[in-house]
Amino acid sequence: MGGASALAACGSSSSPSSVSSAPAAAGKARKGGTLHAGLTGGTGSDTVDAHRGVDNVDFARIIALYDALIAYDLQAQNKLALAESMEPNKDATVWTVRLRPGVTFHNGKPLSAEDVIYTLTRIVKNNYAGASSLGSVDVHGLKALDTLTVRIPCHSPYATLPDAMTGYYYYMGIVPVGYDPKHPVGTGPFKFQSFTPGQQSTFVRNDHYWDTSDGPYLDTLVITDYPDETSQVNAFVSGQADVINLLSATSIPQVQQAGNILTADGGGMTPFTMRVDQAPFNDPRVRQAFRLICDRPQMRDLVFGGRGTMGNDVFSPFDPEFDHSIPQRTQDIAQAKSLLKAAGQEGLTVQLVTADIAQGTIRVAQVFAQQAAAAGVTVNLRQVTSTEFYGNNYLKWTFAQDYWYYSKYLPQVAQATLPVSPFNETHWNDPAYNKLYSQAIATVDPVARTAIAHEMQAIDHSIGGYIIPYFPPTIDGYAKKVMGVAPTNVGLSLGAYNFKAMWLA
Amino acid sequence: MTADAAPSARAPGERAASGRSHPIAWLIWTRLALGVVTLFVVSILIFAATQLLPGNAATAVLGHNASASAVRTMELRLGLNKPAVTQYWDWLSGVLQGRLGTSLANGQSVWSLVGPRLLNSLVLVVLAGVIGAVVGVGLGMFAAIRRDKPSDHALSVGTLAVTSLPEFVIAIFLVIIFSTVLWHVLPGVSPLESTSGALKPWQDPRELVLPVAALVIVIVPYIFRMMRAATIEALESDYVEMARLAGLSPVRVLLRHALPNAVAPTIQVIGLNFLYLAGGIVLVEFVFDYPGVGQGLVNAVSDRDIPQIQFIVLVLATFYVAMNILTDVVTLLATPRRRVAR
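Residue numbers (my numbering), protein chains in the order written: chain G, 1 to 505; chain C, 1 to 342.
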């Protein structure tokens, strides 16, 4: 069974991933049945458009309907999907993508190079989220070399293009030429049946799915939006939902009475963001002091009951380019105090803007405020709604939080820590760092590129604007009859909403 | 809502009606005219309020993806770059021509989004209101007849206790008792889902039981107390005394002589409770994930989806105005001495 083998691979991998509540393999997977997924995180602005997903429920639908050229496996490593190969030229200015033959869309149309060109052009032309990963791609120069081969030219070297195409946030589901989101068609394991934003959506199995290694098994998939965890858990306990996502640690006992818990160590992050261009955080000593204030194990215990992996203020822990040799930062109040004193910021008072934007964000802000008191720092919490958080002041808060799904290191840098990054919330602009990034994305050799990435991570770790106390786990529930549920490191719930592998006993 | 809202037995508009056309017709016309003005003012207030909220539909829809350039693109697409007055005028002129517009959040037509929700909420409100009224009136009369006996005291104390609980607490208690902890006999949530899309509420009546029960439990105490008090007052009156002395059967005394006089103030309270239901269902819909207008309004506000907010609020405001007129008319009809033109 796919779930069990993925699990074994997970346990033996060197990356810091742990798994609790192993899914029990009960016989051979069988087709049929309806799975009711009760998901939180949706809103009235939910979508089934392949390229406009924002929240968890959007991605659950998008992953069911569409495939990208390349995606993550359960260990958050690159895995080719619709692409059979992706090869750069010597200086990474031209990529050649060979498509998997014999793939058809839900409407029966065969996948071709023109569809890839249409998809990438659609993303860039409409400035959808994925456009920020395609900035250096010359979309006007995209060319079909034959029906299954696409040539992707770039304005400047772009050795990390495949990495930049894997992340879920910028998911580039391939859609057919002339795609109409009102009648969504993709190549994914499930076909569209109905959709009511903020309420529910239904899908049926794609019997012509190209990847038959493990599923799809379910006849029908029903995704229902729940406004909060209480109603979601009620639905689970009363048998109206078979799988539920994004639980907090406090719900675990209740969920366990009616089913199983799936905990996964995700590589997404919920960092504190310090604006390095504004007082008091324009002084690296203050940033260091704030990072030393954190009692990270305590934060993890209080917020997630000890689940999740420890953070070291550097993002993308499952990337092979991540430097695990950097010493783990631990709480050191005395040093934090002396750094603050040296910076002339004794008895500092700051405002921390927090919102319920991801699991545990408000609680960890409260914990930080308490821990900061020991160093003589007064942290005033300002709690706003998530709509206000992402409103006009988003990316401008002096000291706030944010959440990111997992992304590989260099693509994450492109999104968040360069002067040209669309989401540079820490206002990070370090000339040496910028130069290293330019070198890295022009380096095709993975070993040489990893060395450069490690240099950048050393800078992140010593003076960066993020505090990453932990990488939050995902905690989900699934009924005893649901099989094929396996954890993933990419930080999305339910094995990255892997409904394809799920079946009903 | 006000627990002890004074039952205004005097029909508003009555004095103004003196010496003119039939008082009921006059009341309806003036109230309708005032109602239209009210709706207009409400639409301006709501629009102004949404402008004051932090963020707009573009940032709300984009959420974490709200980079500066994405927000600009989205604002252009949604027309949010236009001045607020222009946006309001575009909306108003559209509505006056019967176009409710499209949702800023997802591009679907407002009617297709809100229409099914209106129907769902209407079913909830009407069921809860009617059941609540019947139960409340029945219990009120019963308690009045059994005045100062143990059953009367039990009912009075019981309803008073319930009055002190907010509706979502009652809803959660019901879920704990009937769905999740004690028994597992009823659905704990009511999303009206099916494998082929959203259901109409009557297609799965089991899902209606707990939300309706929660709302009924909330409104019954008010109706009960008013009905009890009014019936006791009527039973103590001289004409009931007279009827009794004349040897009429107790049932006939109650139904033919006491009830008609007790019912007028109770109708006011029932009307008030319908008004409460129009707003009070928000929390109950939230607890049960019931796809009604309350839940739709919460979503629309967090999405800053102005066309949807405006439409839902206008529907609710229209309901308020209509229910007020209806209550007054019914009260007048139930109070013979007040419905004659003088």
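Be a bit skeptical, because a hint or two may be false.
[To be verified] Keeping only pairs whose Cα atoms sit at most 25 angstroms apart, straight-line, the calculated DSS-like set for lysine-lysine is:
| id | chain 1 | residue 1 | chain 2 | residue 2 |
| --- | --- | --- | --- | --- |
| 1 | G | K90 | G | K435 |
| 2 | G | K28 | G | K396 |
| 3 | C | K82 | G | K125 |
| 4 | G | K109 | G | K182 |
| 5 | C | K200 | G | K396 |
| 6 | G | K435 | G | K31 |
| 7 | G | K90 | G | K143 |
| 8 | G | K435 | G | K481 |
| 9 | C | K149 | G | K182 |
Simulated from the structure, these hints should not be mistaken for laboratory data.
Now the hints, each set against the structure:
1. Restraint check: the Cα-Cα separation between K90/G and K435/G comes to about 20 angstroms, which is no more than 25 angstroms; the hinted pair holds.
2. In summary, the hint linking K28/G to K396/G is not supported, as the alpha carbons are separated by about 53 angstroms, beyond the 25 angstroms threshold.
3. Taken as a hint, the K82/C and K125/G pair is honoured in the structure, with Cα atoms around 23 angstroms apart against an allowance of 25 angstroms.
4. At most 25 angstroms may separate the alpha-carbon atoms for a hinted pair to count; K109/G and K182/G meet this at roughly 18 angstroms.
5. A distance of roughly 45 angstroms separates the Cα atoms of K200/C and K396/G; the hinted pair therefore is violated under the 25 angstroms criterion.
6. Between K435/G and K31/G, the direct Cα distance comes to roughly 53 angstroms. Violation of the 25 angstroms bound is thereby established for this hinted pair.
7. A C-alpha spacing of about 19 angstroms is found between K90/G and K143/G, which places the hinted pair at or below 25 angstroms, so the restraint holds.
8. For the given pair, K435/G sits about 53 angstroms from K481/G by alpha-carbon distance, which is inconsistent with the 25 angstroms threshold.
9. For a cut-off of 25 angstroms, the pair hint linking K149/C to K182/G is broken: about 65 angstroms separates their Cα positions.
Checked against the numbered hints listed earlier, the structure breaks hints 2, 5, 6, 8 and 9; every other hint is satisfied.
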